[in-house]
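Sequences and hints are given; from them, build the entire structure.
Protein chains in written order, with our numbering: chain Z, 10 to 416; chain E, -11 to 163.
By construction, these hints were calculated from the structure, which means they are not laboratory data. All clues stand as given, with none of them false.
Derived CB-CB ranges, DEER-like:
#, chain 1, residue 1, chain 2, residue 2, range
1, Z, D302, E, E(-6), 44 to 54 Å
2, Z, E118, E, E79, 40 to 50 Å
3, E, W49, Z, F325, 35 to 45 Å
4, Z, V340, E, D122, 37 to 47 Å
5, E, D37, Z, S270, 19 to 29 Å
6, E, E79, Z, M34, 35 to 45 Å
7, Z, G148, E, E(-6), 54 to 64 Å
8, Z, P205, E, W49, 45 to 55 Å
What you are looking at is a predicted structure, and each value in this text was computed from that prediction instead of being measured. Heads up, the beta-carbon is just placed ideally off N, CA and C, and yes, glycines get one too.
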Amino acid sequence: MSTTPAQPPAFTQKKLPLLRTEELMLNMGPQHPSTHGVLKVVLELEGERIMKATPVMGFLHRGVEKLAEDGTYHQFIPHTDRLDYVCAMYNNFAYVRAVEKLLDLKVPERSEYLRTIVAEVQRIIGHLFWLGTQALDIGAMTVFFYTFREREFLLDWFDQLCGARLTTSWYRIGGVERDVTPDLIAQLRYFFKAFPPKIDEYNVLLEKNRIWIARTKGIAVISAEDALSFGLSGPTLRGSGVEYDLRKAEPYGAYDQVEWSVPIGVNGDTYDRYWIRIEELKESSKIISQCLDKLPKGPIMADVPQIVAPTKDRVFTNLESMIMQFKFFSVGFPMPKGEIYCGTEAHKGELGFYIVSNGEGKPYRLKIRAPSFIHMGAFDHMSRGYMIADIVTIFGTYDIVMGECDR
Amino acid sequence: MHQVAEEIKARFHDAFVRATEFRGDLAVEVTREGLLDVARFLHDDPAMDYDYIVHVSSVDWLGEPVRFEVVWEVYSVLRRHRIRIKTRVPESDPVVESLTSLWKGAEFMEREVYDMMGIRFTHHPDLRRILMPDEYTEGYPLRKDFPLVGKGWRDTFEFIDGGNPIAPTPPAPGR
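Quick look at the structure:
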């Protein structure tokens, strides 16, 4: 009896569709290193193309606006450091300017110049930080080391100025906390003599770099009308060709005393914003050099004893000053009734404070207009149609910091 | 009165409530019903041309008959003037028209107002919580009757000594 030889099993091929076309949902973040903090984006993808991007925020929400209602006006200054923690000085500046507008207080001229110098140093630090991290995100690692070399010098300068590198709290309502020494001015002059060739160093690495151009030109384009409608500000808005800079539109500090110009982009893409930030580095150094030349002599705090805290040497020797100091930091000082909005051109965009006062020593309501938060509103609009790989470029193009975004 | 405020009062007599000027800031309060018309006029009229949205905010006037105040601040980049539009909404019906159709940036800012103060915006494209978790149901943090401390998971801690967190640590067992 012969057995039939074993047959191989019949090969039946199931016909599979070659191309599956369906939308893919992808969570990006909150632990992605290029999200500049903790930001999650839910991407709806078709292939690698982004159809919709929904930012999910609030991972760093600390309730700063609620905390502001509990403390006096002075006690809120250190909280502003923690908003945009890479650029604390400008947050301080924006806040004290808002309170001074509410008080209708004029600060001494030397103080105005010092404020302008330090604010511009902070702007340079912010732009250097942006340039380094944006290039790092895109894949050019060297720029990071170059920019952080200069940033480190300026942070050490801050350290000598006020004892802190990042959370500075140097501005005060009515002036600044302490004066600059001749040594600090000499250091700053030395730095800005050597700074312009260093900007060229960064440009050599990026300006005509084919990868950088391919990754930034034509990415995250927004038209001028849309940018205005979304409330974008700072280099993100000026990249689209809108000439809106609060330092020119509503001058404060010593910005109207010195000569400088506002760089304006054309195409509204990431490359134009990069170019604007590079130009602003040059403009900021111009402003600082002129302010150092013109720096007037005089007091650094306004002479208004009700609003300005007594100096420490008086507090430790004089009973009345001691009582004054105690009252000042526990109860605060009476404020005029009313509400103001005061916007300041920080390096990310318009940082504004809307303060409602009911006449007490604490703000009744304090609203922070944070540029990072408002820029995230345009994220979906600006990222549609691009590839997944462009997402990190689009994050970076706003110069986003989540501490400010989530508050 | 400011020129813009007079223009609003002349055109929208029923909607206009009051105009205030403080430290150079112009604020115009309008009724909830007339808000959208006034805002559309401010956005579209070539003499006004408020094309840039600055911020959307809200104030809780606890104890007043009409409790909440919603604030939109807009600016004209061309004409370099700014205005604050305000409207009051009662606690029983905290609903107001969204201005997202005029200024796109209002979408996120109004979401934040909803999240923090619990004011709902009609015709808003995506009214969800934005900073607080989506499933958060304990209220709206920036309302004045929301406690500053004492809400959250820290209250659920089990302390060793009858709930006193700063009680002295028990002495180490002796020999």
